[in-house]
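Chains as they are written, first to last, in this note's numbering: chain A, 573 to 670; chain B, 573 to 670; chain C, 66 to 530; chain D, 66 to 530.
It is possible that some hints are incorrect.
[Stated by the list, open to error] Between beta-carbon pairs, the in silico distance windows are:
1. A231/C - N121/D: 48 to 54 Å
2. T354/C - N598/A: 45 to 51 Å
3. L130/D - A231/C: 53 to 59 Å
[Stated by the list, open to error] In silico PhoX-like cross-links for lysine-lysine, where the CA-CA straight-line distance does not exceed 25 Å:
4. K461/C - K486/C
5. K400/D - K661/B
6. K400/C - K661/A
7. K522/D - K400/D
8. K320/C - K475/C
9. K351/C - K475/C
Derived by calculation from the structure, the hints in this document are not laboratory data.
For glycine and all other residues, C-beta sits at the position ideal for the given N, C-alpha and C.
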Amino acid sequence: MDQDLIFSMLFALMLATFVGFAVIQNVSRLLHTPLMSLTNAISAIAVVGSILIAGEQKDTFTTIIGAIAVFASVTNIVSGFLITDRMLKMFREKGPKS
Amino acid sequence: MDQDLIFSMLFALMLATFVGFAVIQNVSRLLHTPLMSLTNAISAIAVVGSILIAGEQKDTFTTIIGAIAVFASVTNIVSGFLITDRMLKMFREKGPKS
Amino acid sequence: MNEIVTHLSYLAAAALFIFSLRWLNRPATARRGVAAGVAGMSLAIFGTLLHPEIVNFNWIVPAALLGIAVGYPLSRVPLTAVPQRTAISHAFGGLAAGLVGTAKYVIWLNEGELTSFRAGAIVVEVLLGFLTFTGSLMAAGKLQEIIPTRPITYRGQNAVNLLLLAIAIGAGVGLILDPTRAYLFPVVIALSLTFGVLLIIPIGGADMPTVISLLNSYAGLAAVAMGFVLENQLLIIAGALDGASGFILSVIMCKAMNRSFTNVLFGAFGQVQAAATGAAEERVMKSATAHDAADYLANATRVVIVPGYGMAVAQAQHRVREVYDALTKRGIDVKFAIHPVAGRMPGHMNVLLAEADIPYSSLLEMDEINPDMPQCDVCVVVGANDVVNPAARTEKASPIFGMPIIDADKARVVIAIKRSKNPGFAGIDNALFYAENTVMVFGDAKGVIAEIATALKDGETAAAA
Amino acid sequence: MNEIVTHLSYLAAAALFIFSLRWLNRPATARRGVAAGVAGMSLAIFGTLLHPEIVNFNWIVPAALLGIAVGYPLSRVPLTAVPQRTAISHAFGGLAAGLVGTAKYVIWLNEGELTSFRAGAIVVEVLLGFLTFTGSLMAAGKLQEIIPTRPITYRGQNAVNLLLLAIAIGAGVGLILDPTRAYLFPVVIALSLTFGVLLIIPIGGADMPTVISLLNSYAGLAAVAMGFVLENQLLIIAGALDGASGFILSVIMCKAMNRSFTNVLFGAFGQVQAAATGAAEERVMKSATAHDAADYLANATRVVIVPGYGMAVAQAQHRVREVYDALTKRGIDVKFAIHPVAGRMPGHMNVLLAEADIPYSSLLEMDEINPDMPQCDVCVVVGANDVVNPAARTEKASPIFGMPIIDADKARVVIAIKRSKNPGFAGIDNALFYAENTVMVFGDAKGVIAEIATALKDGETAAAA
Ligand SMILES: NC(=O)c1ccc[n+]([C@@H]2O[C@H](COP(=O)([O-])OP(=O)(O)OC[C@H]3O[C@@H](n4cnc5c(N)ncnc54)[C@H](OP(=O)(O)O)[C@@H]3O)[C@@H](O)[C@H]2O)c1
Ligand SMILES: NC(=O)c1ccc[n+]([C@@H]2O[C@H](COP(=O)([O-])OP(=O)(O)OC[C@H]3O[C@@H](n4cnc5c(N)ncnc54)[C@H](OP(=O)(O)O)[C@@H]3O)[C@@H](O)[C@H]2O)c1
Chain A
573 MDQDLIFSML
583 FALMLATFVG
593 FAVIQNVSRL
603 LHTPLMSLTN
613 AISAIAVVGS
623 ILIAGEQKDT
633 FTTIIGAIAV
643 FASVTNIVSG
653 FLITDRMLKM
663 FREKGPKS
Chain B
573 MDQDLIFSML
583 FALMLATFVG
593 FAVIQNVSRL
603 LHTPLMSLTN
613 AISAIAVVGS
623 ILIAGEQKDT
633 FTTIIGAIAV
643 FASVTNIVSG
653 FLITDRMLKM
663 FREKGPKS
Chain C
66 MNEIVTHLSY
76 LAAAALFIFS
86 LRWLNRPATA
96 RRGVAAGVAG
106 MSLAIFGTLL
116 HPEIVNFNWI
126 VPAALLGIAV
136 GYPLSRVPLT
146 AVPQRTAISH
156 AFGGLAAGLV
166 GTAKYVIWLN
176 EGELTSFRAG
186 AIVVEVLLGF
196 LTFTGSLMAA
206 GKLQEIIPTR
216 PITYRGQNAV
226 NLLLLAIAIG
236 AGVGLILDPT
246 RAYLFPVVIA
256 LSLTFGVLLI
266 IPIGGADMPT
276 VISLLNSYAG
286 LAAVAMGFVL
296 ENQLLIIAGA
306 LDGASGFILS
316 VIMCKAMNRS
326 FTNVLFGAFG
336 QVQAAATGAA
346 EERVMKSATA
356 HDAADYLANA
366 TRVVIVPGYG
376 MAVAQAQHRV
386 REVYDALTKR
396 GIDVKFAIHP
406 VAGRMPGHMN
416 VLLAEADIPY
426 SSLLEMDEIN
436 PDMPQCDVCV
446 VVGANDVVNP
456 AARTEKASPI
466 FGMPIIDADK
476 ARVVIAIKRS
486 KNPGFAGIDN
496 ALFYAENTVM
506 VFGDAKGVIA
516 EIATALKDGE
526 TAAAA
Chain D
66 MNEIVTHLSY
76 LAAAALFIFS
86 LRWLNRPATA
96 RRGVAAGVAG
106 MSLAIFGTLL
116 HPEIVNFNWI
126 VPAALLGIAV
136 GYPLSRVPLT
146 AVPQRTAISH
156 AFGGLAAGLV
166 GTAKYVIWLN
176 EGELTSFRAG
186 AIVVEVLLGF
196 LTFTGSLMAA
206 GKLQEIIPTR
216 PITYRGQNAV
226 NLLLLAIAIG
236 AGVGLILDPT
246 RAYLFPVVIA
256 LSLTFGVLLI
266 IPIGGADMPT
276 VISLLNSYAG
286 LAAVAMGFVL
296 ENQLLIIAGA
306 LDGASGFILS
316 VIMCKAMNRS
326 FTNVLFGAFG
336 QVQAAATGAA
346 EERVMKSATA
356 HDAADYLANA
366 TRVVIVPGYG
376 MAVAQAQHRV
386 REVYDALTKR
396 GIDVKFAIHP
406 VAGRMPGHMN
416 VLLAEADIPY
426 SSLLEMDEIN
436 PDMPQCDVCV
446 VVGANDVVNP
456 AARTEKASPI
466 FGMPIIDADK
476 ARVVIAIKRS
486 KNPGFAGIDN
496 ALFYAENTVM
506 VFGDAKGVIA
516 EIATALKDGE
526 TAAAA
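One chain only, chain A, in its complex shape:
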């Protein structure tokens, strides 16, 4: 695998880290719990790799563990996004009632 590609990935990593820090630091403290579950769902991006393995079906062993990986990632995607939304639904701007 050629250098240019390796380094272009390193560039992506470097930039994404900057973006990550910049963006996360602006997240309101109010929303740190939803933040945890959202990043949780996003990190389930591992689904990409899982699907490839489970789809290539090179051999039974890898296919099976690929399928397990798909299962695990999809679980995170579903639960992660749903629970985040569930929590956020609760945050509504409104003045104290009296």
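Here the structure of chain A is known, so what remains is to put chains B, C and D with the ligands in place on it, guided by the hints.
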């Protein structure tokens, strides 16, 4: 030139744009003039391309215009960084004197 | 052609993930953030399904359906269980990463396509993945109190861990030097699985939230490593975002507890439990009834409520809301003091109170409210303990010394609601509960608060009488 | 091996550039930012010089030395000339981009290595590069007033521009379809050069700062395009940072003037000059001496100074500093009101006042100071005009209507210092100067302020007498 490389460059562009907006928006208004001259110096990164052209010396024509490009970029690097620093030297934290 | 579509959807997905986190910066746009995240994930999956290597979906579809079937209920857990759920999903994330890494190794080994770079990336991915897997399971266990929350330590613990680490690294290097040394691979897997367990064992339950965030960033890094394995930038970006988030959150928590990472990871925090509680019995607590509490409140003009983990356990937030309404209806000014590490997750209290429909305009952060505490007539401590423990200010010896706290003790009267004399998460005694101006109302937060609420509503309080 | 070093230094350079801009967020860390920038640039050059393709340095070194020789003096220009300098260096940047693109085209053409992608990237680079080149030169000319600052318009102007644009695009597409159509390349170059000129001609001098920022981002985009041509991520990143910066600054300026991009670019702003000034003569201005001004000041308790372009022209900032010292010594509270577009660049006034060693703690932004203006006893307008023109609030007809201004007119007494009855940059009349509570002190700002300063110091003012 292969797709992967093209797209890895698009990724870099996308990420760098996010970084750019995030970072620049945090620059104090106080320093907008230095900001202009600093980005100015940074955009002189064109020097990289210029050096390659002037150094490869494929033919006289390209070598000459490459040299001109080197001249132009170096001018920006030198003047850009120097004037920025000159301006920033003026900003000193201090309570009003009486 | 297909390839270009895939590339484009990955590009868009990455951008959407960034917007997703960006929009989370304030409640107004937060839900749009979720939408962006979902869109991004869908695009990523769509783009992946276009890959020509995929021969059929016979395995993918059922696995995915199963995932949905398990994922949905996991998203409906009570908010008190959110930390455990988070830990479990980190475990799943780590598992996926580890498995994909393993599969890739096997495949490339058979096809003889292993380069040192690939082997190296896979080793990192597998190490982080499986370590996160077992580590998160342990953390979940401690939070659910299936596993003893006490830090478990033994002589030479660090020596053992270091040795294992050395072996793991050795095996990894071996694989990088000669990727075909297949026998080394299981070693790496076994070691990382053990490692996850050993790293968590010596950490007290009180530090699990910090550990979870840390595992969060490990999961992210595993995704990054996977990105290098699959030469996929989307994975790298999403992983980096996740890693940054987990890291920042754990730093915030450490700051809020005035502890260092090393102290959290190797400090065996919370052992002192027994010892500390022993001292508790001597001094006396003034105990009172919910009705007395209602009287105090009815006669106050400025009330501050300090919610803590106990409110979460008791699910008392809705009752608290009733008290809030009753008091504001009487024209009494009510504010909530939110400590950054109250509860078991960052922002835990905010979510609970938001669930109870309390406007977040009346939730104040520690730093905002502390200056006003001396002007506060009645401070109600609802199942909070460590975050209002004055020892953090005074007692150099205390394990929580230096941790910024909410100055509940500065209020004219303090009403503390908890079930017993037991200590809080940090397992240490709390002088506040013995203070002159403190009255204890023992009982389950939900019940007590409910009583107070009714007392206030029926107006059968000293004030109204 | 070399290649890896090059890659690594590019990676580090990119990171350093980001830190460089990050540290610019506050004065305390700003100079570190410059250091990081310099380090990044050095690394980038170092990494480039390692390229094996470079046969010798016979051309590079002299060209670089010449660049240093020209660059140094350019960095010593008076601060009033900074806008022109910036414009000129944008011109250089654009030129470099255009030339590199041209060279690459020629080289690849001869070597038959032109792909459609490369051709496309080159076309974009060349278009943006040369357009920035001539455009910036024009802008510099207008700022230096070598070229008439008035917008020059003629019938069918847009039609002509659109036609040229169409041809340019056509030629570009032609090149992408068949990169070997060499005859089209000069057409692209010629058109982009002309374009730069035509785009600036109809824009009034008052809008040059905005245009400069816009050209700044064009220069950035040209660098990005070059990155795609050379397959170099560092160029892409640096260019994107530059592009973002230029874009954000121009948006800020447009907002501060309550104008849209299209209005700035095609609005032919500032034509009304003659017409507007005509009206000026009728009403009367109250004129006074520097000495009177000193009296007003000596008897004030709250003074606000509104600096404008005139202070920059007159280089009066050091004298202003003397007045500031004299007044504060008398225990009078002095603040500076900084309008976002006072002067000719964003932050122009801040730099000048910083040069005069005035603590930036006493520089307030428009929004901070306006609420306090009614409490201000004396407001000294030093060579400011448009930014204190009440027409922006009241006269729908006025070209600056809706532009947020500093409410100088709300002060008890206004002292306006300028040389004549001439209008400001926007070329429109200013009611403030005819107002009841305004006295004009005509003369060069430097001289007038100096007189005031001496009057205050010698204490020969009504107050002290
Ligand atoms: N939030 C985070 O992100 C985070 C991260 C890391 C660590 N921590 C740690 O977690 C702790 C949080 O402090 P905290 O004050 O919120 O909680 P705490 O210190 O754990 O105290 C909770 C209190 O609530 C009481 N309680 C439990 N169940 C109850 C119920 N059903 N009804 C009424 N009272 C009940 C308990 O007393 P009884 O048993 O007598 O009822 C206990 O004293 C701190 O030590 C913090 O360092 C938090
Ligand atoms: N700052 C930016 O980024 C930016 C960007 C775009 C546009 N602009 C435009 O620039 C203008 C800035 O407004 P401004 O109020 O700062 O400046 P201005 O409106 O241009 O007014 C400057 C005034 O200073 C006076 N003056 C010039 N030389 C002087 C000297 N030597 N001594 C004393 N007075 C002198 C002039 O009157 P006399 O000739 O009678 O002396 C003139 O009325 C606005 O129209 C703004 O829209 C600024």
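To see whether the hints hold, each was checked on the structure:
| no. | hint | in the structure |
| --- | --- | --- |
| 1 | A231/C - N121/D: 48 to 54 Å | holds (50 Å) |
| 2 | T354/C - N598/A: 45 to 51 Å | holds (46 Å) |
| 3 | L130/D - A231/C: 53 to 59 Å | holds (54 Å) |
| 4 | K461/C - K486/C | holds (23 Å) |
| 5 | K400/D - K661/B | holds (22 Å) |
| 6 | K400/C - K661/A | holds (22 Å) |
| 7 | K522/D - K400/D | holds (19 Å) |
| 8 | K320/C - K475/C | holds (23 Å) |
| 9 | K351/C - K475/C | holds (17 Å) |
In the structure shown, no violation is registered for any of the earlier numbered hints.
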